[in-house]
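Number of protein chains: 2
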Amino acid sequence: MVLIVQKYGGTSVGDMGRIRNVARRVARTRQEGNDVVVVLSAMSGETDRLIQLAYQVCENPDLREYDALIATGEQVSVALLAITLQSMGISAKSFLAPQVRIITDSAFSKARIQDVEVRRLQKELRAGTVPVVAGFQGVDKEGNTTTLGRGGSDTTGVALAAALKADVCEIYTDVEGVYTTDPNICPEARKLSRITYDEMLELASLGAKVLQIRSVEFAKKYNVPIHVRSSFSDKSGTFVTKEDDKMERVLVSGVTYNKSEARITVVRVPDRPGTASRIFTPISDAHIVVDMIIQNTSADGYTDLTFTVPKADFKKALKLVKKTADEIKAQEVLADENIAKVSIVGAGMVSHAGVASKMFTALAKEGINILMISTSEIKISCVVDAKYGELAARVLHQAFGLDRGELRKEL
Amino acid sequence: MVLIVQKYGGTSVGDMGRIRNVARRVARTRQEGNDVVVVLSAMSGETDRLIQLAYQVCENPDLREYDALIATGEQVSVALLAITLQSMGISAKSFLAPQVRIITDSAFSKARIQDVEVRRLQKELRAGTVPVVAGFQGVDKEGNTTTLGRGGSDTTGVALAAALKADVCEIYTDVEGVYTTDPNICPEARKLSRITYDEMLELASLGAKVLQIRSVEFAKKYNVPIHVRSSFSDKSGTFVTKEDDKMERVLVSGVTYNKSEARITVVRVPDRPGTASRIFTPISDAHIVVDMIIQNTSADGYTDLTFTVPKADFKKALKLVKKTADEIKAQEVLADENIAKVSIVGAGMVSHAGVASKMFTALAKEGINILMISTSEIKISCVVDAKYGELAARVLHQAFGLDRGELRKEL
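As they're listed, the protein sequences go chains A and B. The opening position of the first sequence corresponds to residue 153 in the working numbering, with each subsequent residue numbered one higher. The opening position of the second sequence corresponds to residue 153 in the working numbering, with each subsequent residue numbered one higher.
So that you can see chain A by itself, here it is in the shape it has in the complex (with noise of 0.2 Å):
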């Protein structure tokens, strides 16, 4: 028998008729010979909605708190949904991240999985039940409430995949899978077929909102083969797998940008051995992912560091570095939230000579100034301007012939 891990986000359990419409997919899966298990997000706007009752009250609101707030959301949907499917006959129960036993460090806010139990849910499997699992949430050993950050539902689905051995974690969502670029803004962009764990890693952590980071780590390390796709269409979508010799190595993938961070500079470092570290040991330590690093050469014994960090741990991370700029005698402090960061991905980037000229030549051919320059062995990331972001990502989606497929035969 198949084992399917269906992952539905916020706008697929938006409302009660689309509760229903998950339920009648649910079903209809069950009916195929399967056995399924749910994982769901809060109902859209609903996690909006509890982050700002936590912001009324102050700033800087308690994380255990915060985290035990903004967990609700999901017990929420994932109680409507086996009500639902109860409704219509289907033996199903809702578990909150504490009675799977879906265990997480104590970071909250933005915890991470350590461990899952899965003798509950295959007792209920074998009973013949359907266990609708709230995602997004966690449980540290101490008892407390966590959460898996922003897309965390995704990252629940796959690891719930991987602890059951399932044969696939189907990810639904809003749109019908992954496409070379942000369809948004860019009507040419195209939904691809398949595409490796690297890939959508680079993809992933580079602002394709499609599905959280850590949900493709953990994919790729458990060899959980993801099926992107909507929940309001019967297409298939992308399939996110390892790679295998049947795939053609495509030079360019996708191109994407995002808006979400901020960079922040500081000048004239001295450059001494264990500066970089005093920099960023307390920034690391409260838990802020530092995305892009830049250092350039030091001619006088001084130099420029730069990086970006979410917008959302921006103030906080500033703070953090004024104060240790102060400590090292640093000459100042600079940020910018006003940035864009537009990206090139394909796997087929390592054996290929000429990519990065192709960007640059790109974007200076619009007038695009570069403020960054970031890469990875299948990845070029630009800093722009945060107004020449959209522009960018449509610029090198048609330099690199996404448009037209011409380069990427097999997809």
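Some clues are possibly wrong.
Remember, identical chains collapse to one label, so a pair may be satisfied in a single copy or spanning two.
With a Cα cut of at most 30 Å, we get these calculated BS3-like pairs of lysine-lysine [unchecked claim]:
no. : residue 1 : residue 2
1   : 387       : 361
2   : 317       : 293
3   : 373       : 275
4   : 372       : 463
5   : 293       : 275
6   : 317       : 475
Everything labelled a hint here was simulated from the structure, so no lab data went into it.
Position chain B relative to chain A; hints supplied.
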């Protein structure tokens, strides 16, 4: 050091301003040198919103899921108060039932508390932290979320006070205490400064909405003094305590009325041993609480059996009774949802003649027909047509001099 359990109802935490108001009161109670444990209801309207969501799906939602759904209301309010207290510099932590461990049976939607563990709360108190506990919810032995029924947060408050051996359980609500009758229908109603557990039990079970009956049972059993008071005023409210010699035994303490019950009559029941048991066993198995039961003397081998149930359980009870009536070959089953129950309560009644006749005469003078009568040691209840409910309460309030305080000098 004095330990106070403060329970705040839905209107007391109805919006952010009111939550801040509660936080200030908690802060002041601490500054006065007391230890405080807080118990909260959901923000007013929230539980009803969640119930509506469930009933949008189906008429008879699965009760395990129903409880999982409606328990979220309290989780929101406790997190918000904890955030508010923290922002004021007061150490505070929210706790859900499974975190404290408030153990109940598995009668979903009307579970009863079986055990309260106090170790975690005592640890927090020793550390100088204010525990903010979600009312209304519990956890059964299998780890399922349960709820305690309407007003269940009162019971949570008193149960915690009993388990922690608190000096007093303050119940904050939107009225200033327990009144001789409902001030909304009788402007002459007066606040009682003190009342016994037994009187409060009768008043609570008869529909005075101030306290959940289970909470008074708990308070009586463990001798927990309750102080019912308003969260919008600093005035002393009503103390509910055991009877002591200093209290004058008043004739009538209060008049209540309630319209939340419905009447079911089984007509021409064959008068054999065991029929009453056959009628009521299925109802009790369905966890439906039967209130008044009346059976007249049998004349011709047949008798009529009338009883009342909460309107919420009316349909379910009627279905069960019709089935039994068929089996035992009763003639028919009549039902009436348009009834009101009016009652007078007083500890002094037990040793006083003439109270009942005074009640019937007062009602008769206004042309109010009595449909059912039921009595206990300290109360007399009459069921009347729903439209006369408020009038009957006013008439009795005046007839027993509650508007003038004549018969109740001590209070």
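What hints, given by number in increasing order, does this structure fail?
-> 6
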